[in-house]
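There are 2 protein chains.
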Amino acid sequence: MINARLKALRAKMQEDGLDAIIFPSNDPHQSEYVADYWKIRAYFSGFTGSAGTLVVTQNEAALWSDSRYFLQVEQQCSESEVELHKQRIPHAPEHIRWICETLPEKSTIGIDYRLFSCGMIEFINSFAATKDITLKDIPTLIEEVWKDRPAQTNAPIKDHPIAYCGESREEKFGRVHQLLEENKADYLLVSGLDEIAWLFNIRSTDVDFTPLVTAYGLIGKDSSVLYSKESRFDQRLLADLKAAGVQLEDYSTIGNSLSKLSKGRRIITDQNALNYACFAAIEGEIVYQPSAIQSWKSIKNATEIENARDGMRKDGIALTRFFIWLENYLEENTITEYELGRRLEEFRKEQDLYTGQSFAAIVGYKANGAIIHYTAPEKGSATVKNEGVLLIDSGAQYQNATTDITRTIWLGGTPSDDLKKAYTLVLKGYIALETLRFPKGTIGMQLDSFARMHLWQHGMNYGHGTGHGIGLFSMVHEPGQGFANGATTSRGTLAHEENQFTTIEPGFYREGAFGIRTENIVVSKVVDTTDFGTFMGFEPITVCPIDTTLIDHELFTVQEVEWINAYHAKVYAALKNDLNAEEQKWLKEKCNPLVRS
Amino acid sequence: MINARLKALRAKMQEDGLDAIIFPSNDPHQSEYVADYWKIRAYFSGFTGSAGTLVVTQNEAALWSDSRYFLQVEQQCSESEVELHKQRIPHAPEHIRWICETLPEKSTIGIDYRLFSCGMIEFINSFAATKDITLKDIPTLIEEVWKDRPAQTNAPIKDHPIAYCGESREEKFGRVHQLLEENKADYLLVSGLDEIAWLFNIRSTDVDFTPLVTAYGLIGKDSSVLYSKESRFDQRLLADLKAAGVQLEDYSTIGNSLSKLSKGRRIITDQNALNYACFAAIEGEIVYQPSAIQSWKSIKNATEIENARDGMRKDGIALTRFFIWLENYLEENTITEYELGRRLEEFRKEQDLYTGQSFAAIVGYKANGAIIHYTAPEKGSATVKNEGVLLIDSGAQYQNATTDITRTIWLGGTPSDDLKKAYTLVLKGYIALETLRFPKGTIGMQLDSFARMHLWQHGMNYGHGTGHGIGLFSMVHEPGQGFANGATTSRGTLAHEENQFTTIEPGFYREGAFGIRTENIVVSKVVDTTDFGTFMGFEPITVCPIDTTLIDHELFTVQEVEWINAYHAKVYAALKNDLNAEEQKWLKEKCNPLVRS
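Chains A and B, in that order, are what the protein sequence lines are. Using our numbering, the first residue of the first sequence is number 1, and each one after it goes up by one. Using our numbering, the first residue of the second sequence is number 1, and each one after it goes up by one.
Looking at chain A on its own, in the form it has when it is part of the complex (with noise of 0.2 Å):
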């Protein structure tokens, strides 16, 4: 079914004169992920994650990812033609290398200039211009060759009420007047989907797992334009965007309107999420900057805090009822990975305000919790017994929270030494990092290492990140602050400021035998003020037992029993309230506070 996709797509190719296409796997916003409509790279190569890039040309149809995908790659284009290349460091660009050395000189690649950077064109150009390759754009030609391609969506956007977000539109709106006069700009571009989210307070189902609206904003001193589908709107939070000055335009008018922008004006946007569409259309003057939305956005509000904590709240209620239910119900029976997915979803939707998953859920039992995006196959996946090593990385999306947590529980039997060993050391990294107390303008890439030192002391170690930023009723990736051991991406190169959402997710991984992650989400604080300057912490929001069958008390210090009884007897508080006396026995039970034998 690929190679005959390749093919038709190849004769397209070659009616055009292209000897290449990239496709990337992100939309005109650069969203982490797309809607349908834009999984074209998916189309083409069988591969459904949500990183790599494919390339085709006459000969090779060549996919790179990074190795979190190598085996789901190795399972999904096993029967095509579509050949993998292994990425050294994720997201970087390496296929753009690999294409100008295998073309030949004076070669054509088409790309759909609104899937590029203006950043990313300009990186693929540094290469072709030695080889006199051109780049052309190709607005159509998928649709041509896509006959069944989806839709593009057309649900009901929603008002994200003030009650959840805690600012107004005009409130936010004001925040860009300002930005625009200390710039002396007369627009702000906006055009990350998340960023449109937060500045308009709207939701709705455009991406997977991300209740977003697929659409463009242009923020004036008198004028705020959003560029969307007015019929996706009701008449009141028409009234509402009216109200607080926002203009509708259609979606696809945003090129004609930069077009027309006159040229002396100037147009503050972010290099790395513009697109090369949007920027080819703009005849005024461009203030590149890093998004002013993105830090806004990062640092929640005092109504915000409050209702993470309520969707927290509600995620450990669910998981509660979930791992009750599971522990029983493993005693006469089995179930497999992708069966338990289901069950926990199922927990989860009877939580008032629930939407969906805000990704995937990772439900990896044994050796699969080893697979780091692992995603249990609808047929064929493994059968889970009380006994052995499970891990599940979920989430959840409430119309007032997001949520991601990790927990890797024992279902039965003996653990092995290594396998506490590695729990443990992992465990003590996420409480060093969690409680560790840092300067003011510490960067993600000074902090990792804390979550990471108790493995290195062991000669072991993971192959991610140790967090990410998380939105609001919105993105379950935010870009800016977090922690990764380098400076590749925002995580590693900020500092964490007061009032930020972040997650602490270490693991460890032993290929063909267990995976083990622990994740919560934290908030930012100040937590000190001397001599010697403002000292941040962090302070834990997630609200959900952590196992303590798998410690190794030989490897645990008595801080360590402390922080973890302290953090239970939270948990126990922030749930007991909402459940019935079995759950809540359950529950006292996995809180009962350790003895340091």
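Please keep in mind that the hints were generated in silico from the structure rather than gathered at the bench. There could be a bad hint or two in this list.
Where chains are identical, the list cannot tell them apart; a pair therefore holds if satisfied intra-copy or between any two copies.
Taking lysine to any residue pairs in the SDA-like style, the calculated list, with each CA pair at most 20 Å apart, reads [as the list claims (entries may be wrong)]: (1) K86 - F532; (2) K420 - T530; (3) K440 - A487; (4) K421 - F532; (5) K440 - G459; (6) K525 - G459; (7) K421 - T530; (8) K420 - F532; (9) K585 - F347; (10) K440 - H454; (11) K440 - I89; (12) K570 - V558; (13) K588 - R407; (14) K106 - K131; (15) K525 - H454; (16) K421 - R437.
Assemble chain B onto chain A, guided by the hints.
Frame of chain A; chain B shown alone:
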């Protein structure tokens, strides 16, 4: 006196049509410490610290320095018109913006091209261009104003024998030839004095505290030219150099030589080391590259490591005898900080191969210890008694090693809880970093935090980096690896490689009360190779007891007690054979194992 010098300078400036002159602190080789001949900034400002830039206009004499030197500048410049401008970031060229804001359009700034790197000239021009400000070379102006300027040194240049360095000139030139081949280049231009010393295996006394030779090197495929002064060499070394293919030219002819290389030649050089006068002389193609010699030099061979250990042992003996003497002496006497520094030198002088201090020793009693780069003045330094805390940061040049060690000791009385807590947290930080295992590739910034984590936990911190590379009978501060909490120098951005020498020196400074620092030199090693990569660690090579009387046992863990006991066992074993019975007894007591209370 300073004002008179400035007056003479300004008269000359007027004569030459100069509106401002910039005096940096370095010599034409970007050296940290410079020969007397190059102490131009000190001559015109009175400020003798190692980092600072003087800008003189007709109306102002403005000195930029960083927080390490604020007190010293205030003291040394109080009687002249020189005014301190406080730098926020050490070494940052904050004065450039100031000059360009202060001077009228079309002004002329005089600078000695030899004292500015190409990168710096480019930086200045980027500001100057906006106001049509011109730079003008002043190769002879200083000489004309500074009548009693010291002569350039004429000291003998000596062979650095293979028994100390472990690698012949020929082998080192071979590395350069390979570098030229790999880069299809014709020459390597070497201008860093530490690089010259390493590459040619030569040493002299041109620069304070550092056994370097003022010279340039130009290595081609078939020629190795050393620009120095023939009369400074003895016949034997001349013969050895000749045998290794080295041709001697006069130091002053480097510009002429560079200008004579034909245009088609490719010359590799380090943008940050090359001065603008050399740059301007080159007609060929310049290949900028971070210095390969710095990388080669930073990795010590087995002979160098063995020699360094010998140097550390001698330093340990000298310090042991000094501390024994001090203990006895203070029972009946007092002594100034300045005198104490002299006495310490006397003890080091007794050691074989000693040639001098590796930097101006810091002897800071009580509150003076809180002044990070304190130098006890010859007259009026504090009087040390047998009570309170004393910080001594000192180092030696031996013909086979360079040392750098800081110890903070308690002289008598009852230490405050605050002091004990600070001392213990600093020591815990030292131990945390020194015992850390980390994956190969981890950079300085990721490691630096481990030395601070215990201080941070109590809202404490210190305002300097945690460690630096160190040479071998060479510079005490060598570029390359290190530990820093930012990316402003290579210390924060480079990964540690096997067999590098680095200091670990966390501290804590309570203004007006006390200063604490504990510093050892460590050698980096590969400690483990696992499924998760290669893991590195450190081994301390400094051997000198660490004062245990200031340890707060409440804050010290079992593991830390074990660490200090093991370290002291190692110190005692390394030093005992060179001590007499009484000295052995003293050391044994200082190295007595602690028992965890």
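We went through each hint and held it up to the structure:
1. K86 - F532: Between copies only: 18 Å across, 46 Å inside.
2. K420 - T530: between (40 Å within a copy, 18 Å between copies)
3. K440 - A487: both (19 Å within a copy, 16 Å between copies)
4. K421 - F532: between (37 Å within a copy, 16 Å between copies)
5. K440 - G459: between (31 Å within a copy, 11 Å between copies)
6. K525 - G459: Cα proximity of K525 and G459: across copies only (14 Å, versus 32 Å in one copy).
7. K421 - T530: Result: close only across copies, 16 Å inter versus 38 Å intra.
8. K420 - F532: between (39 Å within a copy, 18 Å between copies)
9. K585 - F347: within (19 Å within a copy, 72 Å between copies)
10. K440 - H454: The answer is between: 16 Å across copies meets 20 Å, while 24 Å in one copy does not.
11. K440 - I89: between (29 Å within a copy, 16 Å between copies)
12. K570 - V558: Only inside one copy: K570 and V558 sit 18 Å apart there, 30 Å across copies, limit 20 Å.
13. K588 - R407: Classified as within; 18 Å inside a copy, 52 Å across copies.
14. K106 - K131: For K106 and K131, only the intra-copy Cα distance (6 Å) is at most 20 Å; the inter-copy one is 44 Å.
15. K525 - H454: For K525 and H454, the Cα distance is within 20 Å only across copies (19 Å; inside one copy 25 Å).
16. K421 - R437: between (26 Å within a copy, 17 Å between copies)
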